[in-house]
Amino acid sequence: AQKITQTQPGMFVQEKEAVTLDCTYDTSDQSYGLFWYKQPSSGEMIFLIYQGSYDEQNATEGRYSLNFQKARKSANLVISASQLGDSAMYFCAMRSHNFGNEKLTFGTGTRLTIIP
Amino acid sequence: DTGVSQDPRHKITKRGQNVTFRCDPISEHNRLYWYRQTLGQGPEFLTYFQNEAQLEKSRLLSDRFSAERPKGSFSTLEIQRTEQGDSAMYLCASSFARVQETQYFGPGTRLLVL
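Chains as they are written, first to last, in the working numbering: chain A, 1 to 116; chain B, 1001 to 1114.
A portion of the hints provided could be inaccurate.
Below, a list of computed lysine to aspartate or glutamate pairs in the EDC-like style, where the Cα atoms sit at most 16 angstroms apart [to be verified]:
| no. | chain 1 | residue 1 | chain 2 | residue 2 |
| --- | --- | --- | --- | --- |
| 1 | A | Lys3 | B | Asp1086 |
| 2 | B | Lys1057 | A | Glu102 |
| 3 | B | Lys1014 | B | Glu1068 |
| 4 | A | Lys70 | A | Asp55 |
| 5 | A | Lys70 | A | Glu102 |
| 6 | A | Lys73 | A | Glu56 |
Rather than coming from a laboratory, the hints here were simulated on the basis of the structure.
Please model the entire structure based on the sequences and the hints provided.
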């Protein structure tokens, strides 16, 4: 079974500062993917970034980077130069690469609020 | 570039009524997923299709729930004899099957059962 743990229910960050959202995971699979999604108040889940378990380099997408530490089973999201529009719920998720186990398993999320 | 669409966006119904939701995936995607999200929680997997075949169903999907994807394009999720506990956001996602697949989500359907 797969499990995602997000221990920060809420965070407040000053605009233009960097922020790190924590995510730890548990799986017995050798090959898997880790994802971060953003959910604004409108409800839509917006894909932000992906990291494969065998990727040697940390993933980056614009202002988003994923700090992947495989031995510690952590996949923290780093947002640089935060903006007011970054205020939203953020979910960490994982998916096995084994056939027949394609579903995403999500954490409980972190509510990020950017303060002007 | 058309994303995943869902209809309706909001649904209010009385306990015991049947409801049906529709999801139109991104056109070239062959996988379609349904998730349910209750307040304060992350989405939970319900079921998924590869083309028209339903390949996995969660234990959350009781006998009152049924999903179809008749021609491998759009999908419907029906809930029969709705209960107050069915109140949630129902999210649809689609993807193209590959190792590094990414699921793209629609805007969701918010269901309120009175």
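Now the hints, each set against the structure:
{"no.": "1", "hint": "A:Lys3 x B:Asp1086", "verdict": "violated (24 angstroms)"}
{"no.": "2", "hint": "B:Lys1057 x A:Glu102", "verdict": "holds (11 angstroms)"}
{"no.": "3", "hint": "B:Lys1014 x B:Glu1068", "verdict": "violated (23 angstroms)"}
{"no.": "4", "hint": "A:Lys70 x A:Asp55", "verdict": "holds (10 angstroms)"}
{"no.": "5", "hint": "A:Lys70 x A:Glu102", "verdict": "violated (21 angstroms)"}
{"no.": "6", "hint": "A:Lys73 x A:Glu56", "verdict": "holds (14 angstroms)"}
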